[in-house]
Amino acid sequence: MSNMDGDEWTLLFWTSLAVIIPVVITLWCSTQRSKRKIHTKEFFRKSKHGWHYTDLFHKPTYCCVCSQHILNGAFCDCCGVCADEQCLRRADRSLVCKEIMAPPRSNGTSEHHWVRGNVPLASYCLVCELQCGTQPKLCDFRCIWCQSTVHDDCIPSMTDRGRCDLGEFRSLIIPHHYLYNVNKLRRRHPEDYSKLGSSCGRGWTPVLVLANTRSGNNMGDDLLKQFRILLNPVQVFDLSKLAPSKALQLCTLLPPGSVRVLVCGGDGTVGWVLDAIDAMKLKGQDPFIPQVTILPLGTGNDLSNTLGWGSGYAGEIAVEQVLRNILDAEVVKMDRWKVQVASKGLYFRKPKVLSMNNYFSVGPDALMALNFHTHREKTPSFFSSRILNKVVYFLYGTKDCLVQECKDLDKRIELELDGERVRLPSLEGVIVCNIGYWGGGCRLWEGMGDELDDGLLEVVGVFGSFHCAQIQVKMANPVRLGQAHTVRLVLKSSRMPMQVDGEPWAQGPCTITITHKTQVHMLYHGGEQTDDDDDDDDADTSASETESPGPHDSPRPRGARL
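Residues in the sequence shown are numbered from 1 upward in steps of one, following the working numbering.
No lab work stands behind these hints, which were simulated from the structure alone.
Hints may be right or wrong, so weigh each one.
[Claimed, not checked] Straight-line alpha carbon distances no greater than 20 angstroms define the calculated SDA-like cross-link-like pairs of lysine to any residue that follow:
{"hint": "1", "residue 1": "Lys137", "residue 2": "Arg116"}
{"hint": "2", "residue 1": "Lys225", "residue 2": "Phe43"}
{"hint": "3", "residue 1": "Lys59", "residue 2": "Ala122"}
{"hint": "4", "residue 1": "Lys195", "residue 2": "Lys225"}
{"hint": "5", "residue 1": "Lys344", "residue 2": "Ala506"}
{"hint": "6", "residue 1": "Lys184", "residue 2": "Ser199"}
{"hint": "7", "residue 1": "Lys338", "residue 2": "Leu354"}
{"hint": "8", "residue 1": "Lys225", "residue 2": "Arg170"}
{"hint": "9", "residue 1": "Lys474", "residue 2": "Ala506"}
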């Protein structure tokens with residue numbers, strides 16, 4: 001009996017050990033992994049490089065320190081240096097990153113900054129014009145400023161080995177020597193910046209990139225990395241970490257009227273940046289106001305559509321082509337509007353004031369936006385795809401076709417255009433438009449919104465969600481209610497969904513007043529956003545000048561050209 005008990009205890013002991021030891025090892029590994037992650041994060045934070053860790057490189061990659069092929073490791077999104085985990089600290093000490101501010105050479109020019117290995121695919125040698133990076137090892141060099149590539153054997157034969165002209169995008173890059181000279185100025189006046197800017201070449205129009213990493217299809221992070229490679233990292237801002245008002249202060253260190261701002265995000269992000277530009281005017285910084293262009297990452301992107309930048313960006317064209325399009329863009333003026341919401345009965349509370357670039361609406365389209373916005377706030381990870389977002393919008397629209405929550409809107413509101421009361425038909429929605437596109441890329445009718453700076457608003461009505469869907473597929477037109485310089489809308493009873501530029505809310509009885517606020521300088525792109533236009537430019541120049549726009553092309557907005 002005692003032997004039986006001893007065997008049972010032995011079995012119990014080894015069974016417990018077999019269970020406990022894997023658990024202890026797993027917990028220990030998890031703790032070590034967490035500690036390592038914390039140490040790595042702290043190391044990345046203190047480093048002068050912009051390190052990012054990846055579990056798998058998307059192309060054959062070699063460590064810039066030990067020259068070995070690596071599958072995972074860290075890369076710098078500013079200079080492109082790659083290193084495995086063992087060589088990371090050594091790479092951080094021995095390999096210099098792209099400097100945002102440095103003194104020029106004695107002749108006032110910049111030097112090449114060469115990084116060895118991992119050159120871009122299909123890159124060609126600056127000297128012999130043969131393809132670089134063809135050997136399966138760490139080989140050849142790339143300048144992290146001008147993006148030129150050179151074979152190992154060709155570097156000694158370069159005629160002007162040290163001089164870097166910053167490459168194709170020299171007119172968009174802020175050279176490190178410019179910021180160095182600005183930092184040495186004793187007094188800072190616009191004339192001084194213009195004199196320093198003349199050393200950067202004729203037609204120098206530096207671009208600032210402001211990206212919202214939370215917009216639409218979550219491409220912001222990848223775009224930030226690509227723009228830091230091509231430009232000076234000081235020009236590239238993540239709006240989830242730094243507000244536009246602070247990012248735009250860099251404009252005040254650059255020649256007046258020369259700066260362009262590329263906003264990577266949706267209509268809401270564009271409005272956020274334009275509000276920050278209005279704040280610059282209030283600070284007396286009018287000479288430094290930039291021109292604004294858009295890379296559409298949101299769901300709607302109606303303003304981007306109006307200005308010829310497309311209905312959405314998903315990486316279909318290279319970032320280099322985006323910069324070329326900015327170089328070719330022309331400047332137009334665009335009206336901005338003030339939307340004042342005075343709630344009924346709250347006489348002692350200040351009215352809610354919003355800025356409008358695209359449109360204001362009350363009715364079924366605002367209801368769809370409100371339902372979408374509410375669910376996206378609860379589960380943001382579910383709404384990371386532009387296509388999925390539009391499917392969700394469609395489902396909410398289908399639901400409203402059956403429920404008709406905005407029925408009899410004409411009995412609940414009063415509409416005045418320039419002080420004159422408008423008699424409304426039996427409507428479920430009213431839309432006040434500043435631009436020609438509405439509802440995620442729908443052009444209400446040809447010619448509408450082409451005058452971006454005429455100081456007029458177009459007011460239309462819709463009969464319901466089904467009517468909105470018909471308008472989207474060009475089977476119906478909205479009801480034209482009129483044009484006005486000032487729009488006044490009174491909601492007499494109940495709560496109704498409203499939106500301004502895709503930002504929705506539920507509103508009780510109130511008075512809405514829309515008046516002109518200001519004008520901004522925007523960049524208009526008149527051509528196709530493709531990579532292969534360059535080959536046919538010379539052959540098609542004369543033909544393109546006489547061609548009329550095709551049925552799917554964006555008509556050119558007739559804002560004032562500058």
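Against the structure, the hints come out as follows:
Distance restraint check for Lys137 and Arg116: the Cα-Cα separation of roughly 11 angstroms lies within the 20 angstroms cut-off, and the hinted pair is therefore satisfied. With a C-alpha separation of about 19 angstroms, the suggested pairing of Lys225 with Phe43 holds against the 20 angstroms cut-off. Among the hinted pairs, Lys59 with Ala122 is consistent with the structure: their alpha-carbon atoms are about 13 angstroms apart, no more than 20 angstroms. In summary, the hint linking Lys195 to Lys225 is not supported, as the alpha carbons are separated by about 31 angstroms, beyond the 20 angstroms threshold.
Taken as a hint, the Lys344 and Ala506 pair is honoured in the structure, with Cα atoms around 14 angstroms apart against an allowance of 20 angstroms. A hinted pair counts as satisfied when its Cα atoms are at most 20 angstroms apart, and Lys184 with Ser199 qualifies at roughly 15 angstroms. Among the hinted pairs, Lys338 with Leu354 is consistent with the structure: their alpha-carbon atoms are about 6 angstroms apart, no more than 20 angstroms. Between Lys225 and Arg170 the alpha-carbon distance is near 19 angstroms, which keeps this suggested pair within the 20 angstroms criterion.
Taking the CA atoms of Lys474 and Ala506, the gap is about 29 angstroms. The hint is violated against a cut of 20 angstroms.
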